[in-house]
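The listed protein sequences derive, respectively, from chains A and B.
First residue of the first sequence: 5, per our numbering; consecutive thereafter.
First residue of the second sequence: 2, per our numbering; consecutive thereafter.
Treat the hints with care, since some could be wrong.
[Said to hold, decoys possible] Here are the computed distance ranges between Cβ atoms for each label pair:
(1) R185/A to D43/B: 29 to 35 Å
(2) N10/B to G81/A: 35 to 41 Å
(3) E191/A to S7/B: 48 to 54 Å
(4) L90/B to A200/A: 38 to 44 Å
(5) G18/B to R10/A: 33 to 39 Å
Derived by calculation from the structure, the hints in this document are not laboratory data.
These figures come from a predicted structure and were not determined experimentally.
Every residue gets a Cβ at the ideal spot worked out from N, C-alpha and C, and that includes glycine.
Here are the chains, one letter per residue:
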Amino acid sequence: MNLIDRYVAEVGRNLPLLKGREDIEKELKSTLEDMLEDRAQKTGQARDEAMEVEVLKEYGSPQKVAATYNPHPYLIGPKMFPFYLFVLKIVLTVVVSVMLVLAGVQAVSDTPFMGADFVKIIGQGLGNALSAAIAAFGNVTLVFVILERVLPDKELGGFNDEKEWDPASLAKEPDPDSVSRSELIFEVVFTFVALAILNVYPQWLGMFFFTGDEQVFIPMFTEKFFQFVPWINITLVAQILLDIYLLRNAIWNMPARIFKILIEAASLILTVIIFRTPGIIGFSAESFANGPFQPEQAEVFMTIATYMFPVIMAIIIIIQSIELVKAVYRLFKTSLKTK
Amino acid sequence: MANTESLENVVLELRRGVIVLAALSQLGTPEYGYSLLKKLSDLGLEVDQGTLYPLLRRLEAQGLLESVWKLEEARPRRYYVISAEGKKLLPKMKKEWAGIVSVMDKMLS
Numbered sequence: 005m006n007l008i009d010r011y012v013a014e015v016g017r018n019l020p021l022l023k024g025r026e027d028i029e030k031e032l033k034s035t036l037e038d039m040l041e042d043r044a045q046k047t048g049q050a051r052d053e054a055m056e057v058e059v060l061k062e063y064g065s066p067q068k069v070a071a072t073y074n075p076h077p078y079l080i081g082p083k084m085f086p087f088y089l090f091v092l093k094i095v096l097t098v099v100v101s102v103m104l105v106l107a108g109v110q111a112v113s114d115t116p117f118m119g120a121d122f123v124k125i126i127g128q129g130l131g132n133a134l135s136a137a138i139a140a141f142g143n144v145t146l147v148f149v150i151l152e153r154v155l156p157d158k159e160l161g162g163f164n165d166e167k168e169w170d171p172a173s174l175a176k177e178p179d180p181d182s183v184s185r186s187e188l189i190f191e192v193v194f195t196f197v198a199l200a201i202l203n204v205y206p207q208w209l210g211m212f213f214f215t216g217d218e219q220v221f222i223p224m225f226t227e228k229f230f231q232f233v234p235w236i237n238i239t240l241v242a243q244i245l246l247d248i249y250l251l252r253n254a255i256w257n258m259p260a261r262i263f264k265i266l267i268e269a270a271s272l273i274l275t276v277i278i279f280r281t282p283g284i285i286g287f288s289a290e291s292f293a294n295g296p297f298q299p300e301q302a303e304v305f306m307t308i309a310t311y312m313f314p315v316i317m318a319i320i321i322i323i324q325s326i327e328l329v330k331a332v333y334r335l336f337k338t339s340l341k342t343k
Numbered sequence: 002m003a004n005t006e007s008l009e010n011v012v013l014e015l016r017r018g019v020i021v022l023a024a025l026s027q028l029g030t031p032e033y034g035y036s037l038l039k040k041l042s043d044l045g046l047e048v049d050q051g052t053l054y055p056l057l058r059r060l061e062a063q064g065l066l067e068s069v070w071k072l073e074e075a076r077p078r079r080y081y082v083i084s085a086e087g088k089k090l091l092p093k094m095k096k097e098w099a100g101i102v103s104v105m106d107k108m109l110s
């Protein structure tokens, strides 16, 4: 292998793209031969290694030459970057919130008191949230790095909706009918988590106590409550379907508003019915007595549970009522606007 | 120092902008990379090799140029020539260029 061949091979090794590598090498060799021939003619000297060295020095280091052929000096290019940031923000927010909520639930349900265990679980939860965030960041970035290299340039342009953007839309802001994507995605994720807990992990709904080696679980709800789960499922699935529709449609319309009102009304009615059904709460004096409590402590817990249940239900009913009123109000606004 | 650097950057940007037009305008007849480089140089436009060759490949990928390997003097050479699409675009580019020149002339005189 002579100097030129070694140089060309070195450039080839540094080329970032496999496709077209041979072609680039061939063209580079051809060019260098042309330069050498040209130089020999001009100087009237025979081609020798000194001349080759001179020409190669002029041409530049193999790394530098290879870099000029790199169409993607970016990990994620400027066209893709705004979309990348958009997705990254959503994913990180959702991942971190879910991890923190899980840590909170675990801390509250696994440890009866604000002790060292409680602090430990919260600390672990924060650590888990951080590592989950880093993993999510890495995964999202990796997906975009691949997309950047796989999608043709024209497709990339699609992420820039500058052409479709109408400055007139600025005047209309804030449009009451525009949807908040991040809110919707949040709602989908949390509704999904609620579905999963209700149907797959109902054993999480309760309190865990440790008495020595033995683990005692006191369920929050009785079988009576779980009769309502199919109905709750219907409202949750309807909510997810509506959110997905809104994510695609990007704007509230009359059918979506009406559907939203139906869901809110159904949830409200369902909550009231559940609230009025006697004996759906699993906490009772007996169940607490099974735990690691003295009878007096069990009494205290029982009292708290008895008072808390109506308060929590009342808060849920109030929130749902407000949501229902808001949904109806917005329906009227939408219908006024379309008129 | 900073001033020389700014000047160099501006000159580099200006040149980068015209090289596409220069290359397309000279590829009515097939040329290989090195011959085009010399042709441009003879006409007074010095272009860095590291700029021209990747640019030719990019223009080919965009469909503005076509290329073919030819075996000459026991050496294969890749000849580039303007494509039908490039021919359609070139007059529009020339018009744009003329517009820029006349505007800048007015501004700078």
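Results of checking the hints against the structure:
1. As the Cβ distance of R185/A to D43/B is approximately 57 Å, the hint placing it in 29 to 35 Å is violated.
2. Between N10/B and G81/A the beta carbons are some 22 Å apart, a value that contradicts the proposed interval 35 to 41 Å.
3. At roughly 51 Å, the beta-carbon separation of E191/A and S7/B lies within the given 48 to 54 Å, and the hint holds.
4. Take L90/B and A200/A: their Cβ atoms lie about 56 Å apart, and the range 38 to 44 Å is violated.
5. Range check, G18/B to R10/A: about 36 Å between beta-carbon atoms, so the 33 to 39 Å window is met.
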